[in-house]
Amino acid sequence: MGEGELKLLGTWGSPFAIRVRIVLNQKEVKYEYFEEDLTNKSELLLKYNPIHKKIPVLVHNGRSVCESLVILQYIDEAWSKSGSSVIPTDPYERAMARFWAAYIDDKVIQALLGILKATTEEEKTYKISETMSVMELLEEAFEKCSKGKTFFGGDTIGFLDVTLGSYLTWLKAAEKLSELILLDETKFPKLVEWTEQFLSTDCVKEIMPEVEKAEEFITKTLKPRWAAASSK
Amino acid sequence: MESHKGVTLLDFWVSPFGQRARIAMAEKGIEFEYKEENLAQKSELLLKMNPVHKKIPVLVHDGKPVCESLIIVQYIEEAWPEKTPLLPSDPYQRAQARFWADFVDKKVYDCGTRLWKTKGEEKEAAKKEFIEILQVLESELGDKKYFGGETFGYVDVAFVPFTAWFHSYESEAGFSVEESVPKISAWAKRCGERESVKKHLYEKEKVYEFVCMLKKRLGIE
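Protein chains in written order, with the working numbering: chain A, 106 to 337; chain B, 1038 to 1258.
Errors might be hidden in some of the hints.
To be verified - With a straight-line Cα cutoff of 27 Å, these simulated BS3-like cross-link-like pairs (lysine-lysine) come out:
| # | chain 1 | residue 1 | chain 2 | residue 2 |
| --- | --- | --- | --- | --- |
| 1 | A | Lys158 | B | Lys1165 |
| 2 | B | Lys1091 | A | Lys249 |
| 3 | A | Lys152 | B | Lys1144 |
| 4 | A | Lys112 | B | Lys1143 |
| 5 | A | Lys318 | A | Lys281 |
| 6 | B | Lys1085 | A | Lys212 |
| 7 | A | Lys295 | B | Lys1085 |
| 8 | A | Lys277 | A | Lys229 |
| 9 | A | Lys292 | B | Lys1091 |
| 10 | B | Lys1160 | A | Lys158 |
| 11 | A | Lys252 | B | Lys1091 |
| 12 | B | Lys1154 | B | Lys1079 |
| 13 | B | Lys1182 | B | Lys1236 |
| 14 | A | Lys295 | B | Lys1101 |
| 15 | A | Lys158 | A | Lys146 |
| 16 | A | Lys232 | B | Lys1143 |
| 17 | A | Lys212 | B | Lys1092 |
| 18 | B | Lys1236 | B | Lys1120 |
| 19 | A | Lys229 | A | Lys212 |
| 20 | A | Lys146 | B | Lys1144 |
| 21 | A | Lys158 | B | Lys1143 |
| 22 | B | Lys1091 | A | Lys232 |
| 23 | B | Lys1144 | A | Lys159 |
| 24 | A | Lys158 | B | Lys1181 |
| 25 | A | Lys146 | B | Lys1143 |
| 26 | B | Lys1144 | B | Lys1235 |
| 27 | B | Lys1143 | A | Lys152 |
| 28 | B | Lys1091 | B | Lys1143 |
| 29 | B | Lys1143 | A | Lys159 |
| 30 | B | Lys1143 | A | Lys212 |
| 31 | B | Lys1181 | A | Lys152 |
Said to hold, decoys possible - Just the calculated beta-carbon pair ranges, DEER-fashion:
| # | chain 1 | residue 1 | chain 2 | residue 2 | range |
| --- | --- | --- | --- | --- | --- |
| 32 | A | Lys295 | B | Trp1050 | 39 to 47 Å |
| 33 | A | Ser187 | B | Tyr1146 | 33 to 41 Å |
| 34 | A | Pro155 | B | Lys1165 | 17 to 25 Å |
| 35 | A | Ala332 | B | Lys1165 | 27 to 35 Å |
| 36 | B | Glu1177 | A | Glu228 | 35 to 43 Å |
| 37 | A | Glu228 | B | Trp1050 | 34 to 42 Å |
| 38 | B | Glu1068 | A | Leu288 | 42 to 50 Å |
| 39 | B | Glu1177 | A | Ser187 | 25 to 33 Å |
| 40 | B | Glu1068 | A | Ile156 | 33 to 41 Å |
Hints listed in this document are in silico derivations from the structure and should not be mistaken for laboratory results. Even glycine gets a Cβ: it sits at the ideal position worked out from N, Cα and C.
Please build the complete structure, drawing on both the sequences and the hints.
Now the structure itself:
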């Protein structure tokens, strides 16, 4: 099943693309990567994701799969013999993984953007406390899902690890730019430990962008863009 | 701790999200206990079983909760694999089904809600957007009997509860589903003939009564 031509359209910083690349790396699956310029979408992107026109898009033997969590499950099923399973096999554990992945995607970006975009100290404080609530829940989720092991997925990196892990560069950039500590080991010891383990894993190290690059992008591209939008 | 064996669904009668779970279980012949929630006064059980979102539906299977309607439907599919599969077996076809169910999830409810919650220009814009959403879905359906092909499947389960709201959307925004997207209209009628759908969807007038009640409560003209 898992043979043939494989392409991935993504961007260097997108957590959604990063998570797919980590999994393909983990399964040692070869693919051709296309870095997209989202301000000038390629014909390839418009052809393979006409509905949403977003990345990541996986193109396998000319057929496209879109939406990162759908792609992850597809990779698991199409390359089931390579590497370890991305998503748990037990139905209840799968439901838990899907639930927390949806929660992470719903909350984490909003939390980080909230902090970075805050215009007053009051707003910033409020956004930070919102983020802390999210992290408290994730610390609890980690305990339940990992069952004492290293990763959300157990002994090896899984669905939830890559979903949350794909935000780490941006989380660290937000910490530095806002001069605060979100990954506080006194408050979230398990998450902090997990972060270190996750980031030092080979298949992750090669893909995660440098925090400095993210900081620069936020400072030089995103913040001016936000300022321009709010002054309209 | 609710550790009794069996399946319970915490739900709200008119919720299309709850109906996805009811219809999936009916298709698979799974017996379950239905518990109606008062959303203005959520039960202790609901708050315990869904502390993160405090929303329905929640499926409780042998005491363990599963939340979020499409996650519930996938769980039902995987926990009872021997009964009437809702997803195809080919990984690419499964990915397509998941993509389209996700599309329904992202688009239909939010835009549909704007059809009755907004007025004037906003409502016109919502109507245009909604018809476009239906047209995209019609294009995906094509000439198939169901989104799942010959068999009623995951995408059909995800979308069919909203057919009970078509009349409300049409009445509020002034358009016709049958005229705009005849294939979707025909598909809705075919689904309506299924036992699972007949049993678990309410008549369009009852749904519209509910929408009107909500509008009044929210102070919308």
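When the hints from earlier in the document are held up against this structure, which numbers fail? none
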